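There are 2 protein chains.
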Amino acid sequence: MVESIEFIVEPLGMRISAPRETTILNALSRFGIGLPSICGGLGICGKCVVTILEGFENLNPTTEPERRHLSQKAIREGRRLACQARLLGGVRIMISPEELGSKPRLQVEGLETKVELDPAVSEILVKASPPTIADVRSDYRRLLDAIPKGDASGNPKPILEGLRLLPSRVRRYGWMVRLVLWKKERVLDILPPRSRRRLLGIAIDIGTTKLAAYLLDLKGGRTVAVASAINPQVAFGEDVITRISYAKDSKGLIRLQKAVIRGINDLIDECCLKANATFRDIYEIVFVGNTAMHHICLGLTPKTLGFAPYVPVVQEPLDLPSKALRLKANPSANVHVLPVIAGFVGPDAVADILATGLHEAQDPCMIFDIGTNTEVILGSKDGMICCSCASGPAFEGAGIKFGMRAAEGAIESVEIEPRTLKVDYKVIGNGKPRGLCGSGVIDAIAGLLRAGVIDSTGRMGIEEGFPGLRRNDSGQREFLIAPAKETAIGVDIALTQGDVREIQLAKAAVLTGAEILLKEASLDASEVKKVFLAGAFGAHVRPESALAIGMFPPFEIARIQSVGNAAGTGAKLALLSMKLREKAKEVADKCQYIELHTHPSFKEVYFRALSFPA
Amino acid sequence: MVESIEFIVEPLGMRISAPRETTILNALSRFGIGLPSICGGLGICGKCVVTILEGFENLNPTTEPERRHLSQKAIREGRRLACQARLLGGVRIMISPEELGSKPRLQVEGLETKVELDPAVSEILVKASPPTIADVRSDYRRLLDAIPKGDASGNPKPILEGLRLLPSRVRRYGWMVRLVLWKKERVLDILPPRSRRRLLGIAIDIGTTKLAAYLLDLKGGRTVAVASAINPQVAFGEDVITRISYAKDSKGLIRLQKAVIRGINDLIDECCLKANATFRDIYEIVFVGNTAMHHICLGLTPKTLGFAPYVPVVQEPLDLPSKALRLKANPSANVHVLPVIAGFVGPDAVADILATGLHEAQDPCMIFDIGTNTEVILGSKDGMICCSCASGPAFEGAGIKFGMRAAEGAIESVEIEPRTLKVDYKVIGNGKPRGLCGSGVIDAIAGLLRAGVIDSTGRMGIEEGFPGLRRNDSGQREFLIAPAKETAIGVDIALTQGDVREIQLAKAAVLTGAEILLKEASLDASEVKKVFLAGAFGAHVRPESALAIGMFPPFEIARIQSVGNAAGTGAKLALLSMKLREKAKEVADKCQYIELHTHPSFKEVYFRALSFPA
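The listed protein sequences correspond, in order, to chains A and B.
First residue of the first sequence: 2, per our numbering; consecutive thereafter.
First residue of the second sequence: 2, per our numbering; consecutive thereafter.
What the hints contain is simulated information worked out from the structure, not anything from laboratory work.
Because the structure is a prediction, the values reported are computed rather than measured.
Careful: at least some of the hints might be erroneous.
Because identical chains cannot be distinguished in the list, a pair is counted as satisfied if it fits within a single copy or across any two copies.
[Said to hold, decoys possible] Think about it this way: if two alpha-carbon atoms lie no more than 27 Å apart in a straight line, the pair counts; the simulated DSSO-like pairs of lysine-lysine are: (1) K158 x K584; (2) K275 x K252; (3) K423 x K74; (4) K530 x K185; (5) K591 x K158.
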């Protein structure tokens, strides 16, 4: 029997297995992923380029056709032709999202929270009087003196670039100009009165896996374009810990910083194109992300986030010139960075709080921002506590045998008829399934728990009694979700005993965090008036399934609400409202961080949390 | 008879004449200026390089030896070998100051005013506690929290560069670091506790002709080094008006800006060398200069200073990152630019006021900052008025037949015995004289007025009655100051009727300004309690001579005081004291500018001012 090699396809996060010596091109096509290949795998067209992220040594040496089509630099950077590279061991490869036919689905929608429009950037049309022999005030002073009272605070400070344009501009436009101000205290730009320049701002959510950008009209508050993409840092490692480790030396840090800045600039371009705007229209950028992403994006070492006590370099909100980060925006644009709460509770959690209004809630509410790290926040206007749970990547499909991210071809929901064990499922994009994403796995486990196929310890019952339940080639128990004839990958898609164990570990981490916060606040789950699920997984998981597997304390189901990309929404709000931006600082100062691993109840709570509800 | 060609030698501002077809090398050597020349003018050594600033077309075409020694670029930039270039018409040439044997004397000394030390830049030694599992504040927050109360205002803002170094620095030095703060509100640097880094600031006076730099220890207030040089912009034109015209298009502006920044950076290097410091020790720069120099140095167009009503682009004091001007200082250094009063009353005048304390004087005082433009300020703590007088370059030796700047070889004082007309003079450097500088010319005219050789209309009396008085080759009356045998230039040095007229025009401009200010303030000259003469000319002119020629209203001689480079002193004070810096803004806002040319009394006062006192 031929040895089977398992390999991972990014950015899908899909695990694929293929016989040893199979070319990557053939292995991918067996799973419905067709790379562009004109010559049909003969090494002639050079189109089927892939990037090897890990395990370069587990492939045959580069061939003559590869040396012909790829530069030495490309080869050093891990590029191979998929038709030439044969699998001899485990690898992780990256294919460009365009080649997947469709981009992976990224959560960009969030709550639409109403907010009083009060952005940092504003503009005034100023009509100054021309100089005379009796009035020799400077050009700039003339503008200041002509600003209606209340529209600027005292003397807004000029910027050198603006002053350089000033004399010709005022004289050309009859002393009438548009002043763009930041916080009414600094002049960002001096524009002709009928300039087509728009006042835009962009909110950016920097996730470990994905980036989302929202281009907003700062005068009306409307979102004029949205774009999202995989974080290009994925090429350097899947999870935060790998990135932190990669960024330990300054060379790695700079590489990661450049990658994410490039990704953000691409999104800015895309948003501008969609909104028919130019990057010069962007006068402010707000960004959020977890603390590690925050540090890397600013070029700060995330090293100390890698070991206890996980101390960040800086937690204050920052205002920086966009030039300092080489972001594509107006040269005088400001970058506002929301504050950090702790090493693993970053500006994204602050944005979650702003978006859900937790800090103003009358009664205790809770936020779960579910990902590789799950941030849990409990509180109300009277106070807030938070923690970070190492939930791992299982909810995103990693570590699950047929797991994949919530992209086209993923089974996103599963219903199992409790008596007959008949399976019904829904696939993203409505095509043939390629694998299971997190919400699908949770549904399947919840269904099997209800049917009694899985007991409260997580053990799958004996196979005889249950249709679909069986042992696979490696002797592991598994439950068939989609038979080979229905799938895009030509093999059965099943949920294994191992998958159940992965989910148990992940859900235990989340539950432990929630339970400890409730304990700290001396609250019972029933006293939590609202539960907000944030993030892509949170938007798609069915609350009844999540409750069924005991991922959360026993909340009332009606109180659970999905809020989508709340971090993105919070960033948008901070872009539109100075009051909320001030509030963000207060929130970060006030929200108390609880370190789970050193909490006296941690082990006890965690042990209980590993079980499924009886 | 061979035609005589007159040419100008910079940076001396010396006018030299030589027969047509003379080589520049020979012409210079006749006036005691020996360029390095090993081959003795044969075009072999290539050492006698000069730069032709104006009149390149008035020389013979470049010769074969020049094409051998000079690059094409050098030739395009106006370089010639002095031994090969023959004078066919008027030229202006530049020789490097080093080749003059000694640098021209520049006024760098000023008043030593005592001031309470209160600089913008300060430092604190901070000892923070290391993080523990129970205390996970960020590195930066730890430092802030450890600052003793009163040593910083609230939360000083971090700079990105500092944050990037922070984690390794605090851990390496046991959480003890030196924080360098700006205005106690921004962190400029985070240093090891025993770093040798010094806290220095540099005050720079940007004159049209010369630059002066004062390196100060911001902790003790001591001046640790002083340097001065000719403003490299001199190569682009002698006076402010020529520079303004040159900077009319952006290419010219950038060229002038680069030239002055290069000059300043050279002074910074020189000061650092003298003080055994590095440019990274410099955390703040204050600069002053006239409004045109201020604009050009900031890269702002001085175009509108070139025509009525002479409006500046900006008059507010500015704080800019040193990087924005490419000044050689610590990367986080701040540049503070003192405010402008008007188009021709710049930050240098504000500095003059700070240095003399005019704004706090109980009784009316007056400042004359004498140069090509002479700023006159009249006032006390109760109010200030000022004006600018187009005195022209005569006080600096230009337009005077044997005129030159106050450099080595200049006759700086002249005494004429009223009865015998015997002349006694003093030469800068005590060598043989090469020409007359401004103070020498004023002395000579004052002496001749006293002796009755010049009457109140400025006419030189008939020659018969007076020894030394005669007609020169061009038929003009002149008075012999130094006979050829005593001079370094091999010809007689004399004061001509034309020279007297030049001085009459110049002194009339100054006197008119002073009279109009007194008129505006309804004051009599006798009510002015102190008269401060600022600038190089002011430091060397003898008050009795200045009064004798009627350069000033009839002040009491005892009340006239020379204050040297008051602008430089004022810049130093603004570097050492935040209070004075605040005061400077008030002063600039309060000091009222009087435009002379449109003043109703201008013509009448000016006409009277042209005469010498009877």
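Results of checking the hints against the structure:
no.	hint	result
1	K158 x K584	both (25 Å within a copy, 18 Å between copies)
2	K275 x K252	neither (35 Å within a copy, 37 Å between copies)
3	K423 x K74	neither (53 Å within a copy, 87 Å between copies)
4	K530 x K185	neither (40 Å within a copy, 45 Å between copies)
5	K591 x K158	between (32 Å within a copy, 20 Å between copies)
Checked against the numbered hints given earlier, this structure breaks hints 2, 3 and 4; the rest are met.
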